[in-house]
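Peer 1: All chains should be built: construct the whole structure from the sequences, respecting the hints.
Residue numbers (full-length UniProt numbering), protein chains in the order written: chain F, 1 to 488; chain R, 1 to 439.
Each hint should be verified, as a subset may be incorrect.
[To be verified] Sample of chain F residues with no beta-carbon within 10 Å of chain R, all distances over it, derived:
#1 P14
#2 A21
#3 Q23
#4 G103
#5 E256
#6 T288
#7 D446
#8 Q455
#9 L474
[To be verified] Some, not all, of what chain R presents toward chain F, calculated at C-beta under 8 Å:
#10 L131
#11 A154
#12 E158
#13 G230
[Stated by the list, open to error] Coverage of chain R stretches by chain F, computed from C-beta distances (three or more under 8 Å per stretch; other residues unrestricted):
#14 213–225
#15 238–245
#16 303–315
#17 399–408
#18 417–430
These are calculated hints, taken from the structure and not from any lab test. Ideal placement from N, C-alpha and C gives every residue a C-beta, glycine not left out.
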Amino acid sequence: MDGRPLYLEPRLEPRLRSLVAAQNTLHSLTDGLGSPLHVVVPDQIAENLERFRSVYRAHHLSGQVFYAHKANRSSALLRRLAATDAGVDVASLGELQHALGAGFGAGRITATGPKNPEFLWLAARTGVTVSVDAVAELDQLATLVRKHALAPVRVLLRLSGFETTGVKVLSRRSRFGTPVGELELLLEAAERHADAVDPAGVAFHLDTTSVAEKATALEGSLAALELCRSRGLRPRAVDIGGGFGISYLAEREHWEAYTTGLTEAVLGRRPPLTWGGHGYGLRNESGTLRGTLGLYPAHRSVAGAAYLDELLAQPAASLGGRPLAALLLEHLYDLHTEPGRALLDQCGLTLARVLEVRAQDTGGELLVRLAAKADDIALEDHGVLMDPVVIPRGGAGPGGGPVAVHLFGSLCLETDLITRRTVFLPRRPEPGDLLAFANTAGYAMDFHATRAQHQPAARKVAAWQDGDAWRWCLDDQFWPITPLRGAQ
Amino acid sequence: MRYDSITEAIGNTPLVRIDPAVHGLRTIDLYAKLEMLNPFGSVKDRAAWSMAEPLLAEAVEQGSQVVELSSGNTAKALAVIAGMHGLGFKSVTNRMRVPEIKDLLLLLGAEIEELPGQSECLDPTATDDPLTLFHRTLSASGSAYLHTDQYFNARNTEAHLTGTGPEIVKDLDGRVPDWFVACVGTAGSSTGVARALREEDPSVRVVGLVAAKSDFIPGIRTIDEVQEVGLFDPETYDTMESVSADEAIEGMLTLNRRCGILGGPTGGAAYFGAVRHLRALEEESQERRTAVFIVCDRVESYLSYVRQRRPDLLGRPPRQNSPADLSDAEVGEAPSVTVAEARRWIETDRPLVVDLRSSYAYAALHIDGSVNIVDELFAELVRGGLPFSRRQPVLLACPVGEQSARYAALLTRMGHPDVRSLAGGIIAWRDAGAPLVRD
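Peer 2: Next comes the structure, spelled out in structure tokens:
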């Protein structure tokens, strides 16, 4: 170890902090249901929704917050949301069926992403809003509607390739949506299919952390809606997608110290901080740092609902410099958002049991093997660096101060690393201890999970607070009316 | 001084002593090298001219575009130089966070491309970062670019090795200062000057200043970002220290208000960092010693930067007739009408209907016969007094009835006898099924 341990302590809000502290409950859960185990906290998602709603209220905006289902397969989280006024954004036939089955009425569902004919038919049949990618999809949808004598389907026209005047923003090209320059063609198609589709507005989703790029797209969407109106359509909404982010770490200083340490390690000025000297995208070219850090910005001063607030406050240069929120309001448009990760902030954790702690002959880091595969705890796949919390098997366990460890998974593969970086823990873990990976509900639970080598994918339970105690049931057994949920 | 070209006016900037009553150092004379007095406004004029000049003739012949990764002063200087030679200039950046500079560059005819933000969903298959792609585009055969490459171009450093450094020695009557303090951006000026000074006297101590990691100071890099600079060599500096944005602005204020030096935040950071560093060392010797820091550029371009971080510095006297002066109680008592009442009122008394929304929203849909006075304009209008005859009833409308209630209260307070706010605003009007037109 070189100097002080580089901790990346997770940010824990009260609910998750309380769950992590319920050590006996967590041990008895993994004793009964095995390791790895995902625990979701449905009540948190309702609280997160409320934070988004308060941003809407502050700007007097109406419209829907659509939970992006793909971020987590949990039934409990979805059903808990069904008991609120949220919507859900589904990206497959299975997700649409799941949402309908969880209690979402069609008016609260939008279908997005690549669609197969069955998905499109069920969406049209039930009357959900369809986010249409291109003219061809609009044609396909209209054909379905006519052939099966369905009611006209509400559609949002998904756009991409927004452009600015003055300063050109080099946004990444998207697979999805119609370039805004070809909007006229899309509108011609919508007019041709006026009997089968009802254009309710436009949509976009940009995979970027940049507020400026999203503001450009939103401004472009307002211009697109104006074009719709000038052609006699009556659009009502703009859907700006998600990507509002999570701040994963408790301390900004941890993130800054770690990234500086990583830079120094890549430049050879301190020992490697990763297995095999991996640089997370950075490389050393004759003493100069090149490449880009391919990590999720794990500490962010502005994330989630606050990010939306900041976006809405951006001025629209081509529309008199008014803030975007004011323009949406004045034009009487509904604002739709599709946060996935941000709605799942603090909504769950993943538990993995320590199987083996091995010291190396050469000294250095301990090798810690967990009863979990890397794909069960996919934080690294998403570039999220965050320390697990050690939950000792019995009481405090052995002390001995901070240790540096490498965390390995249970697959018979060199690549099955839970983390590629050296993880610093405040104390040495022992076999039987649990490591709790906090805040894994957004994309890190089941997005990548496999059953490779006949190893089980993690089970999932839903947990809730009942006074001072934590109660739980299998994820699939959870309904918003599940007995023992608070006061009955 | 008579010149044939403005580029001849680059360099030979003054070295000005800071009044000891301001910095409070008793045994150290502190001098500011006023690079802000270069013709295009900054220390970067030297590097830009040094890098571009030898390539201009060929570039003119080929009609090349000058390109640079720059968020500010280098771009400004290059845009001017390119323009003077009939060439285009393009700046590629992801850090142009000061709007005035962006506007100035556009005014100078520059093309600006912003690099995309980080991906929210990590794409492990993405092999190339935007900068690598940029370099690949530049090096593609057949492309006509003059890439000055300030972070790696030795001529950047050389401009200061042969210019700035020797000028400092000359102005100190052939002596080398005991300390040289510089902010690190491209590392060109600090490296070049340090080398020139050390050639004369190796005992000079060089202090490099970087921005605190979570802070943003225009023109300065953070301790990690300097590692991406080819010209940066940690050996150049005897010590590296960081300065926060607040400290940079504090230093800037001292330069501006007490020294008459209208430098920007980078110069402020250099001054602050210099005084902080030197104060700690003052006791080690009683003999008179000398330190020099660089004032990189001018304050005028950073007003919005200051407004964002220290709005108190740009405070203005309270305005008359401002809706902000109203109490919640006054707003609560503002006369208002429901949509149904408003429709009847319009039929019978024909009030002047004022729509306070933006002109774009008004143009899209509005109440038939209404006039559009955008709220910002309306605020200016009422500052001078009532904009309507007292005998003319007025119906104010905004999106949800909030602003209009404020203005109805204000106009009532100003003495208008019959001004009312449309409760629930245009949204309530629409929701009630009342007609909106687009004419």
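Peer 1: For every hint, state whether the structure bears it out.
Peer 2: So, going through the hints one by one against the coordinates:
1. With a least beta-carbon separation of about 26 Å from chain R, P14(F) lies farther than 10 Å from that chain, consistent with its non-interface assignment.
2. A21(F), annotated as away from the interface, keeps every beta carbon of chain R farther than 10 Å; the closest lies near 30 Å.
3. Listed as outside the interface, Q23(F) is consistent with that label: its C-beta sits roughly 32 Å from the nearest C-beta of chain R, beyond the 10 Å cut-off.
4. Against the 10 Å criterion, G103(F) stays outside the reach of chain R, whose nearest CB is about 27 Å from its own CB.
5. Separation of E256(F) from chain R is inadequate, the least Cβ-Cβ distance of about 4 Å not exceeding the 10 Å criterion.
6. A cut-off of 10 Å between C-beta atoms contradicts the statement that T288(F) is not in contact with chain R; the least separation is 5 Å.
7. Taking the minimum C-beta to C-beta distance to chain R, about 16 Å, the non-interface status of D446(F) holds against the 10 Å cut.
8. With a least CB separation of 22 Å from chain R, Q455(F) remains clear of the 10 Å interface cut-off, as annotated.
9. Remark: the non-interface label on L474(F) is consistent with the geometry, its nearest Cβ contact in chain R lying 29 Å away (cut-off 10 Å).
10. With its C-beta approaching chain F no nearer than about 7 Å, L131(R) sits inside the 8 Å limit, and its interface hint holds.
11. Violation of the interface hint for A154(R) is found here, the shortest Cβ-Cβ separation to chain F being roughly 14 Å, above the 8 Å cut-off.
12. This hint is violated: E158(R) has a C-beta 19 Å from the nearest C-beta of chain F, more than the 8 Å allowed.
13. For G230(R), the interface hint holds, the least distance from its beta-carbon to any beta-carbon of chain F being 5 Å, beneath 8 Å.
14. Three residues within the 8 Å Cβ limit are the bar, and the region 213–225 of chain R against chain F gives 4, so the coverage statement holds.
15. Given a C-beta distance limit of less than 8 Å, the hint that chain F covers the region 238–245 of chain R is violated, as 0 residues qualify and 3 are needed.
16. Given as covered by chain F, the region 303–315 of chain R fails the check, having 0 residues with a CB less than 8 Å from a CB of that chain where 3 are the minimum.
17. Counting residues of the region 399–408 of chain R whose CB lies closer than 8 Å to any CB of chain F gives 3, which reaches the minimum of 3, so the coverage claim holds.
18. Under a criterion of three residues with beta carbons nearer than 8 Å to beta carbons of chain F, the stated coverage of the region 417–430 of chain R is upheld, 3 such residues being counted.
In terms of the numbered hints stated before, the structure departs from hints 5, 6, 11, 12, 15 and 16, listed from lowest to highest.
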